[in-house]
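A.B. asks: Single-letter residue listing:
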Amino acid sequence: MRLVMAAALLLLNAGCRQARHPHPELTVEEPEALQPAIDAANPADEGQLLDGFYAREPGGWRWSAPAFTITLGVPEPLRGKEARIEFELVIPEAGAADLAGLTITASSGEQRLGQWRAPGPGTHTAVFAVPGALLNEEGILVDFALDRFILPRGSEVRRLGVIPSKFRLVAAQ
Amino acid sequence: MKRLRWRDAWLVLPALFVLVCLDWHGLRSWFHQDDFAWLSLGAGARSFEDLLGALFRPAAQGTVRVFSERLFFLLLERAFGMDHRPFHLVVLATQAANLALLGWITLRLSGSRLAAAAAPAVWMAGVGLAAPMAWLSAYNQVLTAFCLLAAFACLLEWLETGRRRWLAAQWVFFVIGLGSLEVAVVYPALAGAWCWLARRSVPRPLWWMLGAAAAFAAAHMAFIPKQSEGVYARHWDLSMLRTYGQYWSLALGGNLDPPQWPVSWLPRRAVAVIGGLAAAAWLVLAWRRGAKLAVFGFAWFTLALAPVLPLRDHVSDYYLAIPSIGVAWIAATALQAAWGRGALTLAAALIPVALHLLYAGAAHRSMADWRYERGVNSKRLYLALERAIELHPGKLIVLTGVDGELFWAGFFDSRQLLPQRVCLDPRETAAVSAPAGFGDISGAICTPPETVAAARERRLVAYRWISGRLHAQTRLYVHRLPEEWRDLPPAEIDLAGQEAARWLGSGWHQAEPGGRWTSLHAEVTLAAPDRAGRLLFITAYRPVEPQGEAVHLSVRVDGKQARRFLLPRQNAAFTLTVALPAPGGSPSMRVELAIDRPFQAPGDARQLGIVVSRMHWQ
Chain A
1 MRLVMAAALL LLNAGCRQAR HPHPELTVEE PEALQPAIDA ANPADEGQLL DGFYAREPGG
61 WRWSAPAFTI TLGVPEPLRG KEARIEFELV IPEAGAADLA GLTITASSGE QRLGQWRAPG
121 PGTHTAVFAV PGALLNEEGI LVDFALDRFI LPRGSEVRRL GVIPSKFRLV AAQ
Chain B
1 MKRLRWRDAW LVLPALFVLV CLDWHGLRSW FHQDDFAWLS LGAGARSFED LLGALFRPAA
61 QGTVRVFSER LFFLLLERAF GMDHRPFHLV VLATQAANLA LLGWITLRLS GSRLAAAAAP
121 AVWMAGVGLA APMAWLSAYN QVLTAFCLLA AFACLLEWLE TGRRRWLAAQ WVFFVIGLGS
181 LEVAVVYPAL AGAWCWLARR SVPRPLWWML GAAAAFAAAH MAFIPKQSEG VYARHWDLSM
241 LRTYGQYWSL ALGGNLDPPQ WPVSWLPRRA VAVIGGLAAA AWLVLAWRRG AKLAVFGFAW
301 FTLALAPVLP LRDHVSDYYL AIPSIGVAWI AATALQAAWG RGALTLAAAL IPVALHLLYA
361 GAAHRSMADW RYERGVNSKR LYLALERAIE LHPGKLIVLT GVDGELFWAG FFDSRQLLPQ
421 RVCLDPRETA AVSAPAGFGD ISGAICTPPE TVAAARERRL VAYRWISGRL HAQTRLYVHR
481 LPEEWRDLPP AEIDLAGQEA ARWLGSGWHQ AEPGGRWTSL HAEVTLAAPD RAGRLLFITA
541 YRPVEPQGEA VHLSVRVDGK QARRFLLPRQ NAAFTLTVAL PAPGGSPSMR VELAIDRPFQ
601 APGDARQLGI VVSRMHWQ
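If you're matching them up, the sequences are chains A and B in order. Numbering-wise (the numbering used here), the first sequence opens with residue 1 and increments by one. Numbering-wise (the numbering used here), the second sequence opens with residue 1 and increments by one.
Think of the hints as simulated: they come from the structure by calculation, not from any bench. Bear in mind that the values here come from a model prediction, so they are computed numbers and not experimental data. Misleading hints may appear alongside valid ones.
Within a straight-line C-alpha distance of at most 20 Å, the following computed SDA-like cross-link-like pairs (lysine to any residue) qualify [what the hints assert, rightly or not]:
| no. | chain 1 | residue 1 | chain 2 | residue 2 |
| --- | --- | --- | --- | --- |
| 1 | A | Lys81 | A | Arg148 |
| 2 | B | Lys395 | A | Glu30 |
| 3 | B | Lys226 | B | Tyr372 |
| 4 | B | Lys395 | A | Val127 |
| 5 | A | Lys166 | A | Val127 |
| 6 | B | Lys395 | A | Ala129 |
| 7 | B | Lys395 | A | Lys81 |
| 8 | B | Lys226 | B | Pro58 |
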């Protein structure tokens, strides 16, 4: 009988409840403050590479997919003013054939920002004008779409676009 | 009859060894599926009435399993919260008692220590016990097995000693069994079958018990609603024979897919056929020899399975948990009979039993491990959601990337334990759709109007489930909301807010703290209901006028009269409920409010009707 009572007391003892522990490792939050310039190779900027980017390669750089999306912070001085996005990228020699004549189209929501045609392999900077009407918020989301990509070959099953390097939102000149 | 002594405790060691080998992972699995629904019982029980409801209100296909589900979860959750280990300890302790009882009964009825050691081990290895050992919601099988075995042990004592206390104890276990799982209703038939086999007569007290079982079955049929379609629909026809055969096949050969077969060239059905033929041959021989326990094993399997045979479309491995005790007796008595009768006879008994152990055991282990994995993923998602809510209190949390497996294991029921609304992106409904008969899942899915309204009001947080973590993607999610959703009206309007103005038609005055006055006729646009059966709630207020006459409010939906109310004469807010028509294809609906008498406010020249503070449907 004593044993039963002890077991019942043990069971009803709310003190046995485990304290709740937060598990910050189980969520990955978006950056609170958006940067106007990001580096695709920098892990600290990953939160602004929203979609269409593959994992970093051993050298730290990464491939984009044929379509990708980023977000950039709009600094106070640029709010509501015309600006431009500078996109530094690399078209590798190895993909030159597949990407010959590549055109990149940038848009934000329904608004098309423009197109940029790659002159060939190498390091380039694509520039897209951004109307001030799109810069009234704390950030801007930009979708990039490539009209060509490197087809999956051999053990590589991904559809590869370009090697993005940097994205910057700067005042229009 | 042979009596068990303490020195015979080793007889359960083989079964405990099997348990450890097969259920090592299963016994550590975290909560999943229906576990969350039972865990949430305590949260809703704030008064004595609530507690009674939590204990006795039919749930989950109209069942009332007070001991094995309600009390089990209520008490342990109250004491230990979301710690799964005490729950599993109770399961383990109950099953250990079951194994001891089975060994005790087998030794008494067979007189063989070999059979008494083999029966619990064979039962433990069966595929039927995999889910009950790993899934806490299936504890009902383990507890009911205990009640049946304990009641049967009491029957044996009563038959031997004639003492009425054993009869009374048998009743107690029978009643607890009925409150644990409806299958316990077969106990009087099991007890009667043994009495008839052993004595060719059924004692009168057992007929009373049979009467009680019949009354329970009749009450269950009459008062508990049954599903007429879906997987839980009952089919009282010849399909029951096929279902019976399916269960034999499952019990003997397990349910593994070809890549998992322990012997790659030996299909599980072949193992079931070999086991079935061997069992049939032994049963014929046992009948002729008067080996009652073997024949009783067949009766036990058949009678304990009988209640689920009408569930043609819901053949489940864990329904074998209790019937498999019968298989264990058939196998154990076969080994006992073959022992010492030459190598050939022994091989004839040993090979089918070994094949059964190999295949059913492998299936058991595979199932237990699968449950463990489900628990791991379910725990990660649940804790991640807790964290998300901690970070974003009061916001609507929308999830993407949750597949059907995780949805059912760790999301659909766990939402009930979370303090705020978390739902799945409506475009992912197809990935998680339930088979017919599994009920309505719409509560777990966000509606487009609530999603877009939350986005508009900046109280939406979107997460994507990627590799066991929730990745916040609110900016991208809002950016990519479908264009056609952007102009959807909301399903809920706060009339005191400026946001509401966009959806108001004629007949509204300026927003004021606490709501907005209508004139005698006012119009508002809301999202059309997403399915039939939705209710519109109008929270409003109209001060009582001295000697005022009755005031009526008519509500029209899309031009059709929906309801007419006599407004309550009270100086306090009231909520009116209107049943909405089924969706007609339009994304929005127009709601008209018409008041038959104006309110005269001193010094206010406006035409006033009522003050509406909130309108929403759900």
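A.B. asks: Next, verify each hint and record whether it holds.
C.D. replies: Status of the hints after comparison with the structure:
no.	hint	verdict
1	A/Lys81 to A/Arg148	32 Å, violated
2	B/Lys395 to A/Glu30	15 Å, holds
3	B/Lys226 to B/Tyr372	32 Å, violated
4	B/Lys395 to A/Val127	37 Å, violated
5	A/Lys166 to A/Val127	12 Å, holds
6	B/Lys395 to A/Ala129	35 Å, violated
7	B/Lys395 to A/Lys81	32 Å, violated
8	B/Lys226 to B/Pro58	11 Å, holds
Consistency with the previously given hints fails for numbers 1, 3, 4, 6 and 7, ordered from lowest to highest.
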